[in-house]
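Got chain A sorted already, so can you dock chain B onto it with the hints?
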Amino acid sequence: MRYSVNNYVGAFTQIIKEIPREKAINGFLRLLAKTGDIKHSKKILTAIHKKIINEDGGKWIDIEAAREPMPKREMLKNKFSKKDHINFIINPELVAGVRITVNGEEELNNTLRNKLNKLFK
Amino acid sequence: MPYEIIEKLKKEIAGYQDDTKFEHVGVVTEVGDGIAKISGLSKALSQELLNIEAKSGDVSAIAFNLEENFIGAVILGDAQKVKVGDRVKQTGKVVSIKVGSEMLGRVVDPLGNPLDNKGVIFNDPEKAKDYPLERRAPDVVSRESVNTPVHTGIKAVDAMIPIGRGQRELIIGDRQTGKTAIALDTILNQGQDAEGRPSFAKASEGRRQMVCIYVAIGQKNSKVAKIVKTLEEKGALAYTIVVSAPASSPASVQYLAPFAGCAIGEYFMDQGQDALVVYDDLSKHADSYRQLSLLLRRPPGREAYPGDIFYLHARLLERAAKMDKGHGGGSLTALPIIETQLGDVSAYVPTNVISITDGQIYLESDLFYKGLRPAINAGLSVSRVGSSAQTKAMKKVSGKLRLDLAQFRELQAFVQFASDLDENTKKQIARGQRLTEILKQVDNAPIPFEKQVLTIYMATNGYLDDVKVDEVRAVSDRIIDNIEKLHGDILKKIRVSNQIDDETEEKLKSSLEELKGV
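Residue numbers (this note's numbering), protein chains in the order written: chain A, 1024 to 1144; chain B, 198 to 715.
It cannot be assumed that every hint is accurate.
What the hints assert, rightly or not - Here are some chain A residues the structure puts well away from chain B; computed CB gaps all over 12 Å:
(1) L1052
(2) A1056
(3) G1059
(4) D1060
(5) K1062
Said to hold, decoys possible - In silico DSS-like pairs for lysine-lysine, Cα to Cα no more than 27 Å straight-line:
(6) K1138(A) - K286(B)
(7) K1138(A) - K240(B)
(8) K240(B) - K1073(A)
(9) K1138(A) - K218(B)
(10) K286(B) - K1073(A)
(11) K240(B) - K1066(A)
Claimed, not checked - Restraint ranges, calculated between C-beta atoms of paired labels, are given here:
(12) D321(B) - K1106(A): 32 to 38 Å
(13) K207(B) - N1101(A): 38 to 44 Å
(14) T217(B) - N1126(A): 15 to 21 Å
(15) D327(B) - A1056(A): 51 to 57 Å
(16) A1056(A) - G289(B): 44 to 50 Å
(17) H1063(A) - D563(B): 33 to 39 Å
(18) T1069(A) - P496(B): 45 to 51 Å
(19) N1126(A) - Q538(B): 46 to 52 Å
(20) K207(B) - N1077(A): 42 to 48 Å
(21) Q1037(A) - E264(B): 18 to 24 Å
(22) Y1026(A) - G289(B): 46 to 52 Å
Because the hints were derived from the structure by calculation, they are not lab data. We put the beta carbon where it would ideally sit given N, CA and C, even for glycine.
Chain A extracted, bound-state conformation (with noise of 0.2 Å):
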């Protein structure tokens, strides 16, 4: 990547408040077509994304389990506040449980795979 991710998440997080929505989305998807870095679009947006929900004062958490149908998942949408972003990943590698993952930092781990290594450690 020509620029890394934070600074495209620095230029974008602080434009945006001083030009207009649009324009500010336009030029910067211009920009990484420019610099080549259009092929990294996803993580780069999903950085800005993140920023923009803890500028706002919510989290960004990944809610993981095993397999579908997520049990409970509204209920477990509803432990959080509404300005947090929930995302719901399946991962079948947990074995079972859930695994909640708050702002990439913090962990909660209930899976059975957490609760095998432990044991056999």
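Relative to the frame of chain A, chain B by itself:
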């Protein structure tokens, strides 16, 4: 299935406590060349040990770079196992090594794992102590000045560049000039130097058995194997520990090796014992640190080394110390080795280490190829604190040796005009040639200190002036041999009292006169 196994599993399952709680985690976002970039873990500490939960098992890493949005970590285990997306957890610990006296005679890697196929190191794990690889050097108040010698068994060193316990003496020279040989001789000599003395006596009882630690950094495995074999054959492995991070090991492991050796040495120092640690060599250590730093994208400085390369070696060597009695009276002596390129001591790392250490033994290729081995350049070699630790006996004979050799070096240019010189100058040149000759020594054969004293006494007092230069070594060896057999009490007295008193000197003179004609 046997009953015991079922019972054990039942016990494990019943004893399992489900204490699910929020934990700090990170995620590997980039990995390559033994370096991992980790997002998250904003509360990680510098040098903290991290645990990467790879699919094929846990891998350890050290947090090196704490940046605003990520951590640059150095992977300690198999870097191939680590994949992008793997979770990383803090351990709250810094890198440490298990140390204890059971390590003596073993070859280990910098993380304390055995490499010698002799099985587990600690039969009783409770006896092993965890020592952090990075530790603050002892403060000024807890130290005392160097007062006991480390006898290397090399005449030129013990007489002219004496090393004291707790000192840091650099061995510097080009490749193939005998740097490792000096360090190895020093280790071999510790056995015979402490002979007859209690193995772990109190500091006040003089020279005690030193525990030796040889740290091989970036060396060929064959060289390390040869050194271990030599130590074993000469009976020195019993009091030696070898820490090996060969050239084939990752840069991270090579970087940790001297710190591991130092931590082991500190354990023995804390027990009130004397330890000697040889870092062979710090040039390769600097290279491994440069590799890590460049991969971590730290800004390169002179010769592409990072800015903190001085601090790296200073904080390592500053841990060598002589503790006062109130702090156990132990000591840690460091013999770092630096390899120069074409004799260039003004390169970055050599000048750094020269300025950190308390002196240097400078080896020259020219002297080596002239047959002067050990190839020590007496003019450029120096020991800043060791002379205060020298024994009285050695001090008495070495003063004259140094003076005679210095005069000889001044006159050396006139050797080819020998016939035109006055009698006095001729005598000085002849004396210098004989002194140079007696300082020659083969490797792996360190000489006990009392025999060194005797040899130098003979040479500086003119007992070898009538002997042909090429026969000087053989004749002096023969005389020493005869003195040992016929007047063994003289050697014993020098060894025990560490000095040549008037009575001993008279005895020595008469026995030398007696043996001169034999």
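Hints and how they fare:
{"no.": "1", "hint": "L1052", "result": "holds (23 Å)"}
{"no.": "2", "hint": "A1056", "result": "holds (24 Å)"}
{"no.": "3", "hint": "G1059", "result": "holds (19 Å)"}
{"no.": "4", "hint": "D1060", "result": "holds (16 Å)"}
{"no.": "5", "hint": "K1062", "result": "holds (16 Å)"}
{"no.": "6", "hint": "K1138(A) - K286(B)", "result": "holds (16 Å)"}
{"no.": "7", "hint": "K1138(A) - K240(B)", "result": "holds (25 Å)"}
{"no.": "8", "hint": "K240(B) - K1073(A)", "result": "holds (19 Å)"}
{"no.": "9", "hint": "K1138(A) - K218(B)", "result": "holds (12 Å)"}
{"no.": "10", "hint": "K286(B) - K1073(A)", "result": "holds (22 Å)"}
{"no.": "11", "hint": "K240(B) - K1066(A)", "result": "holds (24 Å)"}
{"no.": "12", "hint": "D321(B) - K1106(A): 32 to 38 Å", "result": "violated (56 Å)"}
{"no.": "13", "hint": "K207(B) - N1101(A): 38 to 44 Å", "result": "holds (40 Å)"}
{"no.": "14", "hint": "T217(B) - N1126(A): 15 to 21 Å", "result": "holds (19 Å)"}
{"no.": "15", "hint": "D327(B) - A1056(A): 51 to 57 Å", "result": "holds (55 Å)"}
{"no.": "16", "hint": "A1056(A) - G289(B): 44 to 50 Å", "result": "holds (45 Å)"}
{"no.": "17", "hint": "H1063(A) - D563(B): 33 to 39 Å", "result": "violated (59 Å)"}
{"no.": "18", "hint": "T1069(A) - P496(B): 45 to 51 Å", "result": "violated (30 Å)"}
{"no.": "19", "hint": "N1126(A) - Q538(B): 46 to 52 Å", "result": "holds (50 Å)"}
{"no.": "20", "hint": "K207(B) - N1077(A): 42 to 48 Å", "result": "holds (47 Å)"}
{"no.": "21", "hint": "Q1037(A) - E264(B): 18 to 24 Å", "result": "holds (20 Å)"}
{"no.": "22", "hint": "Y1026(A) - G289(B): 46 to 52 Å", "result": "violated (35 Å)"}
Of the numbered hints listed earlier, those contradicted by the structure are 12, 17, 18 and 22.
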